[in-house]
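Asks: This is what each chain is made of:
There are 2 protein chains.
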Amino acid sequence: LADVICEPGELKRFSREIFRKLGLSDEYAEIVGEVLIATDLRGISSHGVARIPIYAKRIKMGLINPKPKVKTLKKNTTSALLDADNGMGQIASYQAMELCIKKAKEHGMGSVGVTNSNHFGINAFYSMMASKENLIGMAFTNASPLMVPFGGSDKLLGSNPLSIAIPAGNEPDLVVDMATSVTARGKIEIAARKGEKIPEGWALDSEGKATVDPHKALSGALLPVGGPKGYGLAIFVDIVSGIMTGSNFGKDCGSLFGDMERPQNIGHFFMAINIENFMEIKEFKDRMDCMIQNIKNSKKAVGFERIYMPGEIEYDKNMELLEKGIMVNEKVVNQLNELAENLGIRDRLSN
Amino acid sequence: LADVICEPGELKRFSREIFRKLGLSDEYAEIVGEVLIATDLRGISSHGVARIPIYAKRIKMGLINPKPKVKTLKKNTTSALLDADNGMGQIASYQAMELCIKKAKEHGMGSVGVTNSNHFGINAFYSMMASKENLIGMAFTNASPLMVPFGGSDKLLGSNPLSIAIPAGNEPDLVVDMATSVTARGKIEIAARKGEKIPEGWALDSEGKATVDPHKALSGALLPVGGPKGYGLAIFVDIVSGIMTGSNFGKDCGSLFGDMERPQNIGHFFMAINIENFMEIKEFKDRMDCMIQNIKNSKKAVGFERIYMPGEIEYDKNMELLEKGIMVNEKVVNQLNELAENLGIRDRLSN
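Going line by line, the protein sequences match chains A and B. If you read the first sequence in our numbering, its first letter stands for residue 1, the second for the next number, and so on. If you read the second sequence in our numbering, its first letter stands for residue 352, the second for the next number, and so on.
The hints are simulated quantities; they were obtained by calculation from the structure and are not laboratory data. Just so you know, even glycine gets a beta-carbon here, dropped at the ideal spot from N, CA and C.
Lysine-lysine pairs mimicking PhoX-like chemistry, simulated, CA-CA at most 20 Å apart:
hint: 1; chain 1: B; residue 1: LYS426; chain 2: A; residue 2: LYS105
hint: 2; chain 1: A; residue 1: LYS251; chain 2: B; residue 2: LYS651
hint: 3; chain 1: A; residue 1: LYS197; chain 2: A; residue 2: LYS209
hint: 4; chain 1: B; residue 1: LYS651; chain 2: A; residue 2: LYS216
hint: 5; chain 1: A; residue 1: LYS105; chain 2: A; residue 2: LYS132
Okay, the calculated beta carbon distance ranges per label pair:
hint: 6; chain 1: B; residue 1: GLU551; chain 2: A; residue 2: GLU7; range: 40 to 48 Å
hint: 7; chain 1: A; residue 1: LYS187; chain 2: B; residue 2: GLU558; range: 29 to 37 Å
hint: 8; chain 1: B; residue 1: ARG613; chain 2: A; residue 2: ASP259; range: 56 to 64 Å
hint: 9; chain 1: A; residue 1: ILE313; chain 2: B; residue 2: LEU673; range: 47 to 55 Å
Start from the sequences, fold in the hints, and give me the full structure.
Replies: Written out as C-alpha cells, the structure reads:
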C-alpha cells in the first residue's frame, strides 16, 4: 500500500458511512464528514480524516455519545448556550454557528457557547461558515493541557486556538486560525523523529527549564506565543469556551488521545458580527480587496518570495486539492480500511 | 527640578484645567483627564499625562477638534457607528463603550465602531469600563504604520493593540492589553540610548533584513508577535477599527507624533458581552477565582519567582500609586508647567 489519492466527494461519502455505522444519524454523519473533508482540503491533514480512528475508538469505548440530543440550555436575543450531550464536537458546533449567523443577521450580533462537548476539528471551519454569509465569524475552543502559563511550569492551559474569518471581495476571504502556543506539539514530535533540535522559545522541559531538546520538550510543556501575549489570549479562550459555558477548563480538560477513561467535556464559543450594520457590504469588500492588494504587492522582506494573507495558503491548497484530490497517508489508509472492515463497510480507500 | 509626586486627584484636576483652556467642554475635559490619570495609575506612564503636550500641540495646530460634536452615523439593536468629529479619541471612545455596555445589558451583546478619530490612550481603559459592569469588554484601535506584514518589509500596519477585560470575584479582574507587535518602539529607543543590542526577532532594518541594531531597527520596522499570528491579529484589528468604520487603515493611518499636517483619522472598535446570558455572574466569578488561584499557586518556571495574571502588574501598581501618588518625570513636568503658563493657568506641578 502507498499514499492514496481520494476524490473529495468519495472520501466524504466513505467518512460519512463510517460514522453512520458507528451510530450517528444521517444528518450528523453528514456534518462530521463535511468538517473533516473541508479540513483535509485546506491541507490540515493532521485534523482531517486522520482523526477518524481516534473518534471511532472513543465512540466504541462509550466516551463520545454517537446519538447526542443537542439541547438549548439558555437563550436570549443575541446569545445561546448549547449542551452538546457529549456528542462529537462538530455536531453542536455546526448548530451553534448556524444560530450565531441567524442572530447576527436579525439583530447585528450573535454569540453561542457549547458545553459538554468533544474535539470539534479546526476552528476555521466554523468562523468561515459566517464569512461565507458576509459576516465576521469567530470560533474558540479550549483543549487538553499542554501549555504553561507565562512564568509557570505546570501544564494548566491548552493550545486554545482561535479563528477569525472576514469576507473579502475578489480576493479570498481573510482567515486567521491560530493556536495560542508558539508551535504545535506535532512539530516537536517531527523534530524528535528527525533527531533535530527545536528553536529556543518553543518549550520547557519537565523541570520548567527552557530546552532545545525535542525529547525533553515532549515530556515538558509548550510555551505561549509572545510570552504574556499568547498567555493572555489562551486564558481568554479558556474563559469563554470553558469557564463561561460550564465546561471543564484549564488542567481539567480531557485529552482526545490521552484520557481514555472519561469524556473530554470541553467547551467552545462562537460569534458572528453583521458588517452591514457598520458599512454596506459592497464598500466593505472593496476596502478589504484594497488592503489585501496593498499588502500583497508590497516589498518583501529578505528571505521571502511572497507575502501571504492569513488563510491564503489554505485557500490555495483547497483550490488545488479540489482538482487533484486529497492525498491520504498510507498509515491512515490502513487504519481507515481496517475500521471499514470491522464495521462491515465494503468500500475501501485504494489507488 | 526633579521628578514630581502628584496626588492623583490633583493631577487629574490639573489635566482637566489644561484641556478646558484648550477649548474642551467641562464634560469632555473630565473624560480626557480620567483616562489619562487612570493610565498613569496603571503604571503606563508613556500613555498618561506625558501625552498632554502632543495632544495640546495638535489641538493648537487645528489637527484635533477641541469641540467635537460626536454623531451617531448608524445604529441598530446591538451595534452603532459613531463619528468622533475629529475630537480627541478618548471622547467618542468613552461614549462608544458606554453604549456597548447599555446594549449588552439590554440585548446580550453590543459593538460600537468609531470613525474620524484620534489617539485614544490605552485600550484597557475602555475594556475595563465593561468588566466593572460584570461584562466581558473588548477594545481595538488601529494606529500609525510601524510594523511589516509577515514576509514583508514595508510598514503597512500599526502595532494595532487589543484589550480584553473579564470580571473576577475576589481576585482582580483579568485584563489583557497587548500590541500585536513583538515589542513597542519605545523599547527599541531605550536600547538605542543605552547602546545595547535588541533581541533577534524584534525588528527589520530599512532594507527588510533582520537586525539586532536598535538604530537600524528605528529606521526599519517592527515585526508582528509570533510571525503570522500577530500579523493575523493586527490585520483583524485594522479591519474592525479602520476598514469597517470607514476610517483610514494600513499605511494611511495618521501618526500622533509624525504627521503634523493632517488629522489622524484612525478608528476604534468596542464590544461588550453579557456573561449572565451564559452563566450566573456569581458562579462565573467563583470559577474565575478558581482558575486564577490554580495558575498563581502552580509551579514556577526556572527564573521566575511569581506568576502574574494578565493585568495583575497594572492592578498592583494602581493600588500602590493611589496611595503613594503618581511620579511624573522631570521632563514631562517642565513641559506641562510651560503649557500651563502659556494657557494662563496658575497651578504648577511641584514637590
